[in-house]
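> Sequence:
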Amino acid sequence: MVPKIRIETGDYRSLNSVTIPDRYRTAYTRFYWYPSWQDNFSKIDLVRAYHQIPVEPADVPKTAITTPFGLFEFVRMPFGLKNAAQTFQRFIDEVLRGLPFVYAYLDDLLVASSSAEEHYQHLNQYFNDLTAMALISTLVNKAETRYSAFGRELLAVYLSIRHFRHLLDGRSFTVYTDHKPLTYAFASKPDRYSPREIRHLDYISQYSTDLRHIPGRDNVVADVYLVTYTALLSPHHNRFHSNRIAQQHDDELFSYGNHLR
Numbered sequence: 001m002v003p004k005i006r007i008e009t010g011d012y013r014s015l016n017s018v019t020i021p022d023r024y025r026t027a028y029t030r031f032y033w034y035p036s037w038q039d040n041f042s043k044i045d046l047v048r049a050y051h052q053i054p055v056e057p058a059d060v061p062k063t064a065i066t067t068p069f070g071l072f073e074f075v076r077m078p079f080g081l082k083n084a085a086q087t088f089q090r091f092i093d094e095v096l097r098g099l100p101f102v103y104a105y106l107d108d109l110l111v112a113s114s115s116a117e118e119h120y121q122h123l124n125q126y127f128n129d130l131t132a133m134a135l136i137s138t139l140v141n142k143a144e145t146r147y148s149a150f151g152r153e154l155l156a157v158y159l160s161i162r163h164f165r166h167l168l169d170g171r172s173f174t175v176y177t178d179h180k181p182l183t184y185a186f187a188s189k190p191d192r193y194s195p196r197e198i199r200h201l202d203y204i205s206q207y208s209t210d211l212r213h214i215p216g217r218d219n220v221v222a223d224v225y226l227v228t229y230t231a232l233l234s235p236h237h238n239r240f241h242s243n244r245i246a247q248q249h250d251d252e253l254f255s256y257g258n259h260l261r
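Per the numbering used here, numbering of the sequence shown is gapless, rising by one per residue and ending at 261.
These aren't lab readings, by the way, just hints derived from the structure by calculation. Do not rely on the hints blindly, as some may be mistaken.
Dumping the calculated SDA-like pairs for lysine to any residue here, alpha-carbon to alpha-carbon at most 20 angstroms [to be verified]:
no.	residue 1	residue 2
1	82	10
2	62	17
3	43	142
4	180	208
5	189	128
6	142	62
7	62	83
8	82	19
9	62	16
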């Protein structure tokens, strides 16, 4: 057994005492739902799971804690909040919708299959779908359309790292690009780049300088993710609020929850 790392968080007892409880089910019995004939398993523990959930801007001041370095507020959901577990369980259930072979209890996921071949397919589908959730889309402005191919590719890397910096900070990672000149950027003399490109490279270098080339013909995953991302923007994937309202007024759900307690 590997000991759990202790994570310090704020004392939110006062805030929790006036917080309306979220009754969304998070019972660990979810792991007992898989069929008995499935005997190939993988257990996945998500990293910084709660920090994937942004805090409502109006509620950020409520997360304030005092540290030796001054006041600190969480813009991503911290541990210790009364409804943090329910919020994340609802989120991960929505993410895994359509993957009936994955069973989730908070940040612990169980992939269950009936054979090794099926298990490989399930894991492949799971990781493809999960990675597709981590995409951003942005429209370039008129000035950016006049950038060189190098400048546009560099802008894409810069914007991606800036957007996901809360996930990337302190971690080693590799940036893959189908624009080969970009992979030589950190080995080239800076006088060949514009001030804007130097600023972008400087920001990127604070997180990673490992840029590797992947030929466009081999970068088929990007096209798949583009299609998947378009699907994720549909109203089907934006039901968190309506689901929560429906659950709060579901007498049968409340009755079942009281029975579990």
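> Now, for every hint given, state plainly whether the structure supports it.
We went through each hint and held it up to the structure:
About 12 angstroms separates the Cα atoms of residue 82 and residue 10, which keeps this hinted pair within 20 angstroms; it holds. Using a Cα cut-off of 20 angstroms, the hinted pair residue 62 and residue 17 holds, with the two alpha carbons roughly 13 angstroms apart. With a CA separation close to 47 angstroms, the supplied pair residue 43 and residue 142 exceeds the 20 angstroms bound. Under the criterion of a C-alpha separation no larger than 20 angstroms, the hint pairing residue 180 with residue 208 is consistent with the structure, at around 17 angstroms.
Distance restraint check for residue 189 and residue 128: the Cα-Cα separation of roughly 38 angstroms exceeds the 20 angstroms cut-off, and the hinted pair is therefore not satisfied. Distance restraint check for residue 142 and residue 62: the Cα-Cα separation of roughly 39 angstroms exceeds the 20 angstroms cut-off, and the hinted pair is therefore not satisfied. Between the alpha carbons of residue 62 and residue 83 the distance comes to roughly 14 angstroms, so the proposed pair stays at or under 20 angstroms and holds. The straight-line distance between the Cα atoms of residue 82 and residue 19 is roughly 7 angstroms, inside the 20 angstroms bound, and the hint therefore holds.
Taking the CA atoms of residue 62 and residue 16, the gap is about 11 angstroms. The hint holds against a cut of 20 angstroms.
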